[in-house]
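Trainee: With chain A fixed as given, assemble chain B onto it according to the hints.
Chains A and B supply the protein sequences, listed in that same order. 1 is the number of the first residue of the first sequence in my numbering; add one for each residue after it. 1 is the number of the first residue of the second sequence in my numbering; add one for each residue after it.
The set of hints was computed from the structure by calculation and includes no laboratory data. Relax, there's no trap hidden among the hints.
In this list, chains with the same sequence are indistinguishable; a pair is considered to hold if it fits within one copy or across any two.
Computed list of lysine to any residue pairs in SDA-like fashion (alpha-carbon distance at most 20 angstroms, straight line):
1. K17 - A212
2. K291 - S239
3. K291 - L241
4. K297 - A212
5. K17 - E213
6. K297 - W221
7. K291 - E242
8. K17 - G29
Small disclaimer: the values here were computed from a predicted structure and weren't measured.
There are 2 protein chains.
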Amino acid sequence: MHQGRGEFAFIDWLRSKTPAHSRVALGPGDDAAVLQFPGPAECLITSDMLMEGTCFRLEEAGPRLVGRKAMSVNLSDIAAMAGRPLAAVVSVALPRAGGRALAEELYLGLREVADQFDTAIAGGDTNTWDGPLVIAVTILGEATPRGPVLRSGARVGDRLLVTGPLGGSILGKHLEFTPRVREATELHAVADVHAMIDISDGLAADVGHMCAESRCGARIWAQAIPISQDAHRIHDGRSPLEHALGDGEDFELVAAVSPADAERLVREQPITGIQLACIGECVEEGLWLEKNGHVGKLEPLGYAHPMD
Amino acid sequence: MHQGRGEFAFIDWLRSKTPAHSRVALGPGDDAAVLQFPGPAECLITSDMLMEGTCFRLEEAGPRLVGRKAMSVNLSDIAAMAGRPLAAVVSVALPRAGGRALAEELYLGLREVADQFDTAIAGGDTNTWDGPLVIAVTILGEATPRGPVLRSGARVGDRLLVTGPLGGSILGKHLEFTPRVREATELHAVADVHAMIDISDGLAADVGHMCAESRCGARIWAQAIPISQDAHRIHDGRSPLEHALGDGEDFELVAAVSPADAERLVREQPITGIQLACIGECVEEGLWLEKNGHVGKLEPLGYAHPMD
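Excised from the complex, chain A in its bound form:
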């Protein structure tokens, strides 16, 4: 019924590229998709929107990597709940010129990451307009039998673990990173994770978010923070430590666990592929940075969308 061009031809192409999935009773092409859910479990849902020029530069990254990032940032939110991703829907606003080729590459990028994490792409919405590329992904997930890990469960005395080196993500990691889905569920299986968050706004800011929800404070030990190679490669007047504390989009996890669990996890390193580091502890109130024996106030550096 459809001509070779336009929205519906693309949807035909997309359907031809979308493999059957056990959790998808009805995929793209109807008014809604139909998912088959494993059971009456708690359902996680998260949504993230990426806008060209703000979250990526299309000409630098290319559409394949933008698709990968759009899926990965959402998977990172599911990881932060220690959840298992199930299915995604994707809405896009494509620039009119070259929209079809862009849409195909975007979709292939989305699929690569979705396939890697056994996440079905069940449907979405394809639009064109005169503006730049906007892509919004929503992911459904399920909690592990232990329940979702919230931001609000950290307790005074808890230790803070991070799943990898921080800082300098602007040099590339913000586009191409591994959402810590596997690591989070493995961690939650071997320890009782009290609270967790992914580092999207910056370590200090996101520890601040977690503490605000948990009604506690935190003291970060500067010397214990694993600092990435990339944080050392940026010469903009800020130190590698400042980059590790303030740079957004590292997409590592910060987890609050008991002191005994922290000690054991750092010693045993039970999660393959990553090195857990203990970078601080939860205190009664305030955000503090301990550095060379001196404790100072930690500004919750990091990204917030300005709005007035």
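Mentor: Below, chain B alone, put in the same frame as chain A:
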């Protein structure tokens, strides 16, 4: 922890405006929301994105009505499956200047419609950028015990019903309409609806989509189409009938039912508030318009996003 401005201050405001809901175990403010699902039923999911300048003119409509529309178009997709909406997530890209006031009005518009249809707003993503307003809503729903109504179930001989008058939606209905959620479930309760679609692209185009999925054709009876007052009010060289056939965003439903059910439903009019009209029948192939005893080819007029 948050200052009075910026993204996080808005999220605080939003949380204060979001009432508790039995289906939402954890609402906005964490990495993902947590939903409590009624059971291991089939889960409907649909997503729609609206972009300023393409889907609405912000200065004409105002943010409240844009919020209402963004929620309503998604509810209309759930209606087209004869589903019951459960929960929504909302992602927005806001223009930087005046973004906070805009975000509040948008959210209040979203809430008005969500509340009317007992749909929880569970979370989302708030961004600002230099571009125009973009809003993407994803809704989860559940199918009735009879299962979801797909586009693909129409059979040759089925009659096509519509739920209201068509055409001229650009004069206002495209912004302010009632998604046919209640009407669809009531219809599916009193008759076996074989296939259904909501009219977003235009009657001819959407009947074409339904027929393509059902591998059949349709003959539309011109004289039987209920034509809206607004279709008569547009004087652009196209007839009211052409507007009824081609105009998008009417958001009425087209349902395929057996001839006996169609006859009974039109006679008994069991759905309060709307007048069901039988406007045609499913045939072996092709799209046809019967008018004054003459049958001609029906072009699948209507909207498709151009893409090259």
